[in-house]
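S.K.: Below are the chains, spelled out letter by letter.
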Amino acid sequence: MSLLDFARGPALQWSIVIFLIGVLWRLLGVLLLRTRKDLSEPRNAAAWKGLRLIALRSWPRKEFLGGTAFGEVMGYTFHLGFLLALFFFVPHVLFFADIFRGLLGTDLRSLVGFGWPALPNSIVTLLSAISIAALVAVLIHRLVSPVKRLISNFDDYFSWFVTMAPLATGMAAFAHLGGWPYERLLAVHILSAELLLVWFPFGKLMHAFTIFAARGSTGMIFERKGASL
Amino acid sequence: MSSPLLGEFLRSRGVTRRGFLQFCTATASLMGVSSALVPRIAAALEQARRPSVIWLPFQECTGCTESITRAHGSTIESLIFQAISLDYQHTLQAAAGDAAERARESAMKENWGRYLLIVDGSIPTGNPGFSTVAGRDNLSLLQEAARGAAAIIALGSCAAFGGIPGASPNPTGAVAVSDIVKDKPIIKVSGCPPIPVVITGVLTQYLTFGKLPELDALGRPRSFYGQTIHDRCYRRPFYERGQFADSFDDEGARQGWCLYKLGCKGPTTHNACATVKWNAGTSFPIEAGHGCIGCSEPGFWDKGGFYEPLSTGNWGTARTVGTAIGVGAALGVASAALARKRQKDAEGA
Amino acid sequence: MTGTTTATRELDPLELDKPRVSISKPEHRFDTQGEMPDTERVERAMKSFVRDFGRTAAVYMESCIHCGMCAEACHFYEVTKDPKYTPIWKLEPFKQAYKREYGPFATVYRALNLKPKVTVERLQEWQHLIYDSCTVCGRCSLMCPMGIDIASLVSQARHGMFKAGLVPHELAAVSERAHREGSPLGATPKVFADRCEWLADEHEVEIHIDKPQADVLCAMSSIEIMKYPESVVATARVMKHVGADWTFRLDGYEATNFGLLAGDSATQKELTLKIIHAAVACGAKVVILPECGHAYTALRWMGANMYGKPLPFKVMHIAEFLAEQARAGKLRLRKLGKSATFHDPCQVVRRGGAIEPPREVLQALGVELREMYPTKGTNWCCGGGGGVVAIHRADQLRHKVFKIKMEQIEATGAELPVTTCANCRQTFDDGQAHFKWDKTMHSLLELVADNLIEDEI
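Chains as they are written, first to last, in our numbering: chain W, 1 to 229; chain S, 1001 to 1349; chain L, 2001 to 2457.
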């Protein structure tokens, strides 16, 4: 079995399995913990309105913007670039369209057409390059800022690595970097994405899910009290 | 019977010196060797003895023979082909039955250790009776013929990698030549079928230098299989710009855009189709509007459909995913229960 | 029980002009559950800390992405730029404990020893971070992009610290004193009653004590009783002015809760229940909390959960009560005609939700309100809350923080700084003295009481 066959076959299967098991284990293991009903008289009875914190907290209050603007801007730049490259690059669109083939035994094409529209390759290349640059900036900041240097641990650096790897290897494969055989570059790229999937449930990448629970909880608790959101 | 030297033979067929040198130059270019070597190629070919070639057909479709013999009038390639002493070839030989077998045996005996063995088709290892020639099973025939060969050319994807008989579920237990023969040099000229000029180029290389050409990791001559279709495809700029045909005969297809979405395996297929093309440089599948099916790669029949794009992976069945979800949920519930229990115990303490 | 060494003497009821009352070094308190080595003590502390955990805290522990932005919101980091004051860093040993003991992968963490056990030494190192340099003001919680309520986690961490016997001297001592005497600062029921009698006489105002039935139960903070007794008088005046049927109760008058601040849940509950039982005993419909920050948090938001069922009365901060009375047209006030700026006590405004009432009252007082920047929910903490003002070794740090408040107030150019928390007021007074500042912090309640238009008869 060639490296590419391995990457597209058993490695993909197993990484998806590990991802699903890990995410559910961690999420349910937290969300099913004990809660205590708050018996105090609410200021605002419709506490659910506090869920708007999920959206609201996406940008800091202007009073806090001074020292945080860099992190916010770089963070969004990287996230947006990464997500756009992930979901709107033709080979990726085709890859995701294939979920249905595996799950339902039928091709997405026959269900709804060929996936969803994609961005031109040149735009995706640009976005990926910008994301990589933002990620590098973020790493430098983590190494240089005294606050971040103190609080950072293995998880922070390894999560950075597994996020950078698919971006970097993806661009390398697209560019047929170094005259390496394309299959090897592609295999390494796919394997790096699988590493990301496997690490995802166990490190800080889970914030993709926990952000809703955390902001939502705080939003509802604070809304109930009429406290500042 | 001793054969005349190749140079004599060609002159006897009316090939001029000029024409001969043109052929040597073209061949040098195809093989990717320096033009400084053209005189050496010419000299070597001139003096080459017409080697004995035994062609054994096993589980094959005769497509390789069809391809190789696509002569257009009297091209040099076809003459070269005729220049070798093809002592056994089912489709082309005149003899049949016992006479053919005796011709083979005597050619092998006379040229033992020096003949070139060409094999096309895969070898069944299931039941020897699956494929026989003159009542003799393929496996034992190959083993015997290989012992006396100077080198073996595994012609076509079947002989090189197992090909269509070897495709899932492989009911005959079909294997490649290299799975049987371990102690002789093997050149794999893969393709389904291979390009005509590739085989003649390989032969010429062998005749000229008396040794195997440089092979890639899969045993294929690097000069023809060293690059991917994708790297030499004339539609590559459309790929780069993200302009793809979405279906056959749509606007993109008619504009000649990239066929990636329609399943083209160009990026992972090594062959010379994009440069050398077929039918004396007429066209090749992509140019004709159909994606490359990757026919020179091992197991290409089982690498996802011909119309499924390259980047597809095996996401797994509903059962795998469902089981993973179930296991994850169970572990989540269990760990929460365990934590709650520890809490209760701590409360008691 | 611990033997305190010196300096906690019986207070003369009439000693009203004393400087800030402090407790000199009591001994370290340790949980006395037999003889056991430190390591086991810590483990029990961690386990008892884990006991307090619920889903919300767990979600928070899982969500931190180490962005460090919480530091940008914290006044202690702001004035020192020392990364150790990063708010989420305060939780580090407790995050470890959570992952080891309670998280979804706890079994794996323990089996592979991926997170080391917390040690006494580590917790001792952390004492300064969790107590000296955190006022539980919640600014960090407002900043966190993940929405983690870091302040609430610090409060929870204090429970573990308490169980490990690692609370700063002063907090441990006043909490113990509150449990023993009913007041952290020596305002025992007897002292309180005597003071009230003296104040009633001196200021010619009726101060009701221990009415068997009353609609309104008022509480006071020991800081006011001991240091700002004018607030007691002001409370009585205002209640009379609006015609409220009110009382103090000697079985439940103390609004401060050093159990909450120290992390002693048992004492916290005990102190809260006193007020609740007193309110129930006199059939009060409303309990009015004084100008105090954490008192509001303790009763308004945590009281019912301590009690185990919804409270049978409403709870209001005095500022909310005043605003309500102003809206109802029941406060007849002289207009001050001065410019004022409002310092938002963290527990009342940002954490408690009573954002507008103080401003409504100021409007009723006819001041020209000049909001400082930032204000309301994002206003800077005075630096003295959460017990910090009581911890002497933190004084230097607190004074640095105070500069922020001075700059804010100076920038408004307002004549009158006003607030509605006696602890903030105490912090401002201390800061004013230290820096020889010319601005004095005023109490909202006292401003109202001093400017009531009474019918002259």
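What the hints contain is simulated information worked out from the structure, not anything from laboratory work.
Note that this is a predicted model, so its numbers are computed, not measured.
Backbone N, C-alpha and C fix where the C-beta goes; we use that ideal spot for every residue, glycine too.
Hints should not be assumed to be uniformly reliable.
Estimated spans, in silico, between C-beta atoms of each pair [as the list claims (entries may be wrong)]: (1) S:Ile1325 x W:Tyr157: 46 to 54 Å; (2) W:Leu83 x S:Ser1283: 39 to 47 Å; (3) W:Tyr157 x S:Asp1345: 35 to 43 Å; (4) S:Val1327 x W:Tyr157: 43 to 51 Å; (5) S:Asp1345 x L:Pro2312: 31 to 39 Å; (6) W:Ala172 x L:Gln2396: 32 to 40 Å.
Below are the DSBU-like pairs computed for lysine-lysine, each with C-alpha atoms no more than 35 Å apart in a straight line [unchecked claim]: (7) L:Lys2099 x S:Lys1344; (8) L:Lys2436 x S:Lys1344; (9) W:Lys49 x L:Lys2330; (10) S:Lys1341 x L:Lys2330; (11) L:Lys2081 x W:Lys37.
S.K.: Against each hint, give a clear statement of whether it holds in the structure.
M.R.: For each hint, the structure was consulted:
1. S:Ile1325 x W:Tyr157: 46 to 54 Å: violated (30 Å)
2. W:Leu83 x S:Ser1283: 39 to 47 Å: holds (41 Å)
3. W:Tyr157 x S:Asp1345: 35 to 43 Å: holds (37 Å)
4. S:Val1327 x W:Tyr157: 43 to 51 Å: Roughly 30 Å apart at Cβ, these two residues miss the hinted range, so it is violated.
5. S:Asp1345 x L:Pro2312: 31 to 39 Å: Since aspartate 1345 of chain S and proline 2312 of chain L have Cβ atoms about 34 Å apart, the given range 31 to 39 Å holds.
6. W:Ala172 x L:Gln2396: 32 to 40 Å: Since the Cβ atoms of alanine 172 of chain W and glutamine 2396 of chain L sit about 55 Å apart, the hinted range of 32 to 40 Å is violated.
7. L:Lys2099 x S:Lys1344: holds (18 Å)
8. L:Lys2436 x S:Lys1344: violated (54 Å)
9. W:Lys49 x L:Lys2330: holds (33 Å)
10. S:Lys1341 x L:Lys2330: Roughly 55 Å between the alpha carbons, so the hint for lysine 1341 of chain S and lysine 2330 of chain L is violated.
11. L:Lys2081 x W:Lys37: violated (39 Å)
Consistency note: the structure conflicts with the earlier hints numbered 1, 4, 6, 8, 10 and 11.
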